[in-house]
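Novice: Sequence:
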Amino acid sequence: MADSPERLVAVATLLRTMTARLALQPFDEELTDWGSQLHDRFALPFCLRQDLCAVLGDLERAGLGLAPPLRRALLDDEFRVLGRVAFDSVELTVKRALEFWPLVGDAATQDRGTSRLVDASTARVELCLQPRPGHQDRDFDGWSIATGCGDLPLRRTGDESGPARLFGLRYRSFVPSMGLHPTLLAQGPIALLLWHPKRRNARRITLYEWRPDNKAYNGLPEDGREARARRLARIVVEDVPAPRPCATPGSAPCVDALVSRYAAAMMRRARSRAGFEEPCRYHEVAGDPLLLASQDDMAIEPMRNRDSWCARSASRSAPIPSIEILILRA
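For the sequence shown, position 56 matches number 55 in numbering that gives the first Met the number 0, and the numbering has no gaps at all.
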């Protein structure tokens, strides 16, 4: 939905121009099979902007280019910006990205009809790290963004403004009354750490879904300016000491306390279903909260080709079903 009448007119003009371009000159180029990148790459505003620029360039080459005011209205995505954090020679931009909500199924209603239930409890934000204008950082790739799960694998990319490092972070914003993964609690607020191993200080960035003080607003925002001010207030930035390089959050596989807590519960459930009746105590292996082991060497270990973690026993060759623990990732 367009956020302004000007943007609505620009979108309508773009659709009509694309229709005219296809009518005058058929599009006979080879289609791209994006595969698994379709729901990751094109959910991020950075990649959507690049795709839109490619479409506008194609229209320009076909002699159907849009006027500069229409291009500016289409490329303006300030309404997605949740906040910007400038630190040292880099700037982190946090934008609200697209999220694809899964269809849970049909549910009966009071009027003897059916309704389609959608799990809207997940959200996605785009983290875009770029050099600040007028600042040159030769060690730009040394910057990291860490969470409770470790350093995020930022993808190197760029645009007309310069290099950039990109990541899409998915998380559960609330627990629905009916939805997928009922044992997964809400994961907000999201705490991020922007740091560099050669810097003494770092920036802790906390993303809130509501007011940081948990108080209610005095009604709906009066205009877009007030709505933007509310979004910016939900990001809290703190100056903290940088972690030691030997204790880098991404130096060893780990999960946050939420997954660790549920891992022990799921392990007990799996042991009960597998026929183990004796009590079992779970402990951390080598100080790693990921490896929750029992007396028979059951442990939580990552499945390489999946965004999940499964329990595996040393005496079994296959992971035990029904104890899969979901970790939302990009």
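No wet-lab data here; the hints were simulated from the structure. Everything numeric in this text was worked out from a predicted model, so none of it was measured. Each residue gets a CB set at the ideal place from its N, CA and C atoms; glycine is no exception. Worth double-checking, as some hints may not be accurate.
[Said to hold, decoys possible] Beta-carbon label-pair distances, calculated as ranges:
hint	residue 1	residue 2	range
1	211	38	50 to 58 Å
2	136	3	30 to 38 Å
3	119	36	21 to 29 Å
4	102	182	15 to 23 Å
5	61	136	33 to 41 Å
6	83	200	12 to 20 Å
7	135	62	34 to 42 Å
8	21	103	30 to 38 Å
Novice: Okay, which hints does this one fail, numbers in order?
Specialist: Violated hint: only 1; rest satisfied.
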